[in-house]
Amino acid sequence: KNQVEQSPQSLIILEGKNCTLQCNYTVSPFSNLRWYKQDTGRGPVSLTIMTFSENTKSNGRYTATLDADTKQSSLHITASQLSDSASYICVVRQSGYSTLTFGKGTMLLVSP
Amino acid sequence: KAGVTQTPRYLIKTRGQQVTLSCSPISGHRSVSWYQQTPGQGLQFLFEYFSETQRNKGNFPGRFSGRQFSNSRSEMNVSTLELGDSALYLCASSLEGQVGEKLFFGSGTQLSVL
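Sequences listed follow chains D and S, in order.
Going by the numbering used here, the first sequence opens with residue 133, and the numbers climb by one from there.
Going by the numbering used here, the second sequence opens with residue 6, and the numbers climb by one from there.
Rather than coming from a laboratory, the hints here were simulated on the basis of the structure.
Any given hint could be a false lead.
Unchecked claim - Across the chosen pairs, the derived CB separations fall in these ranges:
| no. | chain 1 | residue 1 | chain 2 | residue 2 | range |
| --- | --- | --- | --- | --- | --- |
| 1 | S | Arg72 | D | Gly192 | 18 to 28 Å |
| 2 | S | Arg35 | D | Val177 | 13 to 23 Å |
| 3 | D | Thr188 | S | Arg68 | 23 to 33 Å |
| 4 | D | Thr231 | S | Thr12 | 19 to 29 Å |
| 5 | D | Gly173 | S | Gln59 | 37 to 47 Å |
| 6 | S | Asn76 | D | Thr231 | 16 to 26 Å |
As the list claims (entries may be wrong) - Computed footprint of chain S on chain D, listed as stretches where at least three residues anywhere in the stretch have a Cβ under 8 Å from a Cβ of chain S:
| no. | region |
| --- | --- |
| 7 | 169 to 182 |
| 8 | 233 to 243 |
Unchecked claim - Not close to chain S: a few residues of chain D, all C-beta gaps over 10 Å, as computed:
| no. | residue |
| --- | --- |
| 9 | Leu143 |
| 10 | Leu146 |
| 11 | Gly148 |
| 12 | Ser163 |
| 13 | Asn191 |
| 14 | Lys203 |
| 15 | Thr210 |
| 16 | Ser212 |
Where a beta carbon is used, it is the ideal one built from N, C-alpha and C, also for glycine.
Using the sequences plus the hints, can you model the full thing?
As structure tokens, then:
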């Protein structure tokens, strides 16, 4: 069964600190993996997309990594800001299919 | 360019009623997909429409249905509402719905079933 597991479930960090969110998946065959940021009361917004051949991709203070061999991805947030407080969702697409498998998200709270 | 618009923003219904949610995609986008989001299950795929045809369907009962109009606007209908249908319903659009395309989400419709 295709699954996407995210950890931790929730996280509290101080403003200015770094953090790393994890995503493990069993989706096969793999097509791509996206990280989304969802602010409270809003829809998710795409941060990065990773394909099989990519190991690292950055978007400002957000850096995603992918290890397709171990089926793991991480999202590293550098110098966190209060506006980073949100839910971060890992989404994996199976090759040849249009449907997506979603993780349940990591709720991040950046405290002043 | 306007984003994905979902109406209404909030909805309260009682068990047994039916509800229709609306989604207007970004101009030029022809693929519209629908998702249910709950605290316990996270985001789950409902169905996807492209050029007025349902192209993919998730694992939801037949009470959940949808349609897409010629202008790409889409509606989702839930009949015989149950308490467990309380959720945030999100709509997303993309150009063609192809692998690798970015999905643009609306802010959702928060449905509460009493």
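Tested hints:
With their beta carbons about 39 Å apart, Arg72/S and Gly192/D fall outside the hinted range of 18 to 28 Å. The supplied range of 13 to 23 Å is met by Arg35/S and Val177/D, whose beta-carbon atoms lie about 21 Å from each other. The hinted window of 23 to 33 Å between Thr188/D and Arg68/S is violated, with their beta carbons roughly 44 Å apart. Thr231/D and Thr12/S have their C-beta atoms about 26 Å apart, which keeps the hinted 19 to 29 Å range intact.
For the hinted restraint 37 to 47 Å between Gly173/D and Gln59/S, the CB-CB distance of approximately 29 Å leaves it violated. For the pair Asn76/S and Thr231/D, the supplied restraint of 16 to 26 Å holds, since their beta-carbon distance comes to about 25 Å. Three residues within the 8 Å Cβ limit are the bar, and the region 169 to 182 of chain D against chain S gives 7, so the coverage statement holds. Residue count for the region 233 to 243 of chain D with a Cβ under 8 Å from a Cβ of chain S: 4. That meets the three needed, and the coverage hint holds.
With a least beta-carbon separation of about 16 Å from chain S, Leu143/D lies farther than 10 Å from that chain, consistent with its non-interface assignment. No Cβ of chain S approaches the Cβ of Leu146/D within 10 Å, the least distance being about 26 Å, so the stated non-interface status holds. Even its closest Cβ contact with chain S, about 29 Å, leaves Gly148/D beyond 10 Å, as expected for a residue assigned away from the interface. Distance to chain S contradicts Ser163/D as a non-interface residue, since its nearest Cβ pair spans about 5 Å, not more than 10 Å.
Residue-level check passed: Asn191/D sits 12 Å from the nearest beta carbon of chain S, beyond 10 Å. Distance check for Lys203/D against chain S: the nearest CB is about 18 Å away, which clears 10 Å, and the non-interface claim stands. For Thr210/D, the non-interface assignment is confirmed: its Cβ lies about 23 Å from the closest Cβ of chain S, beyond the 10 Å cut-off. Every Cβ of chain S is farther than 10 Å from the Cβ of Ser212/D; the closest lies at roughly 23 Å, confirming the non-interface assignment.
Of the hints listed earlier, those the structure fails to meet are numbers 1, 3, 5 and 12, in rising order.
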